[in-house]
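If you read the sequences in order, they're chains A and B.
Position one of the first sequence corresponds to residue 1 (this note's numbering), numbered consecutively onward.
Position one of the second sequence corresponds to residue 1 (this note's numbering), numbered consecutively onward.
What the hints contain is simulated information worked out from the structure, not anything from laboratory work.
Be aware that one or more of the hints could be misleading.
Unchecked claim - Subject to a maximum C-alpha distance of 25 Å in a straight line, what follows is the list of computed SDA-like cross-link-like pairs (lysine to any residue):
| id | chain 1 | residue 1 | chain 2 | residue 2 |
| --- | --- | --- | --- | --- |
| 1 | A | K135 | A | A53 |
| 2 | A | K159 | B | L33 |
| 3 | B | K53 | B | L33 |
| 4 | B | K53 | A | F110 |
| 5 | A | K159 | A | G139 |
| 6 | A | K135 | B | A50 |
| 7 | B | K86 | A | A25 |
If you want the building blocks of each chain, they are given just below.
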Amino acid sequence: MEVLFYIASVIAIASSVMTITRAHAVHALIYMVVSLLSVAVVFYLLGAPFVAALEVIIYAGAIMVLFIFVVMILNMGSAVEQERKLLKPGMWIIPAVLSLILLVEFLYVFLMMDIGLVNHEPVTPKAVGTSLFSKYLLGVEITALLLMAGIVGAYHLGKREKKVVHRFLKEEGETE
Amino acid sequence: MQTPAEYSMFLALILFVIGLIGLLVRRNVLFMLISVEIMLNAAGLAFVSAGAKWMQPDGQVAFIFILAVAAAEVSVALALVLQLFKTYKTLDTDSTNSLKD
């Protein structure tokens, strides 16, 4: 039981260190995804399956994809050269092996759970939801406001500025 | 059997320090954002491990809030990164010192 926890922790620390030392942003993001997956396994071992699923779906699935989109939009350097560099096997084999270890570990715990490998009583999603919508209802409302502000802010900042053409000039251009 | 809840607090500490070092060392604004993500994730891990120690759902609720904060922060910050790149044609934060006297 504890060995599984230690393996996941070591993978989390190693991939986090790799994340902040990479030169290329995409490689850093791949290692970041591995780090998030290992933290999700730690959550699962701690008896928090709902949060583990949220970590994989939202953090590794949505937030990291946002990062990757931005890297794609920025598109620094030639695209062909970049892809050739990205597809070198040395770059993806280590994250793949690390996440394979995590997958094996998760499957082992998942299939052996009735023997009591998760030594905490898991906190069920039902308990989390009940607490979220009774005790912390105000927090949910404030979070909704925050997300709204995030949407408005991102829209405002990401808006493409219009080219300002004086209306007389524009009319002239159209008539010609 | 010793529970991993105590150890996971140490793991959260280590991850937080890694993120802090990354934030202080790197000058690429994209990497600084990734380091902030690592730090937020470590804070969430601390909450969840504390919640697991006392078997209460409050830690997981706090993690859900942290998740929402991280999503909002990332969307605004990445829009700022795009604006920065459009203005300066670089992601180096040292180049954005035009407000300095």
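Hints versus structure:
A C-alpha spacing of about 22 Å is found between K135 (chain A) and A53 (chain A), which places the hinted pair at or below 25 Å, so the restraint holds. The straight-line distance between the Cα atoms of K159 (chain A) and L33 (chain B) is roughly 21 Å, inside the 25 Å bound, and the hint therefore holds. For the hint linking K53 (chain B) to L33 (chain B), the alpha-carbon distance of about 30 Å lies beyond 25 Å, and the restraint is violated. Between K53 (chain B) and F110 (chain A), the direct Cα distance comes to roughly 21 Å. Compliance with the 25 Å bound is thereby established for this hinted pair.
Using a Cα cut-off of 25 Å, the hinted pair K159 (chain A) and G139 (chain A) is violated, with the two alpha carbons roughly 30 Å apart. Taken as a hint, the K135 (chain A) and A50 (chain B) pair is honoured in the structure, with Cα atoms around 18 Å apart against an allowance of 25 Å. Annotation: proposed proximity of K86 (chain B) to A25 (chain A) holds, straight-line Cα distance about 18 Å (limit 25 Å).
This entry does not satisfy hints 3 and 5, going by the numbered hints stated previously.
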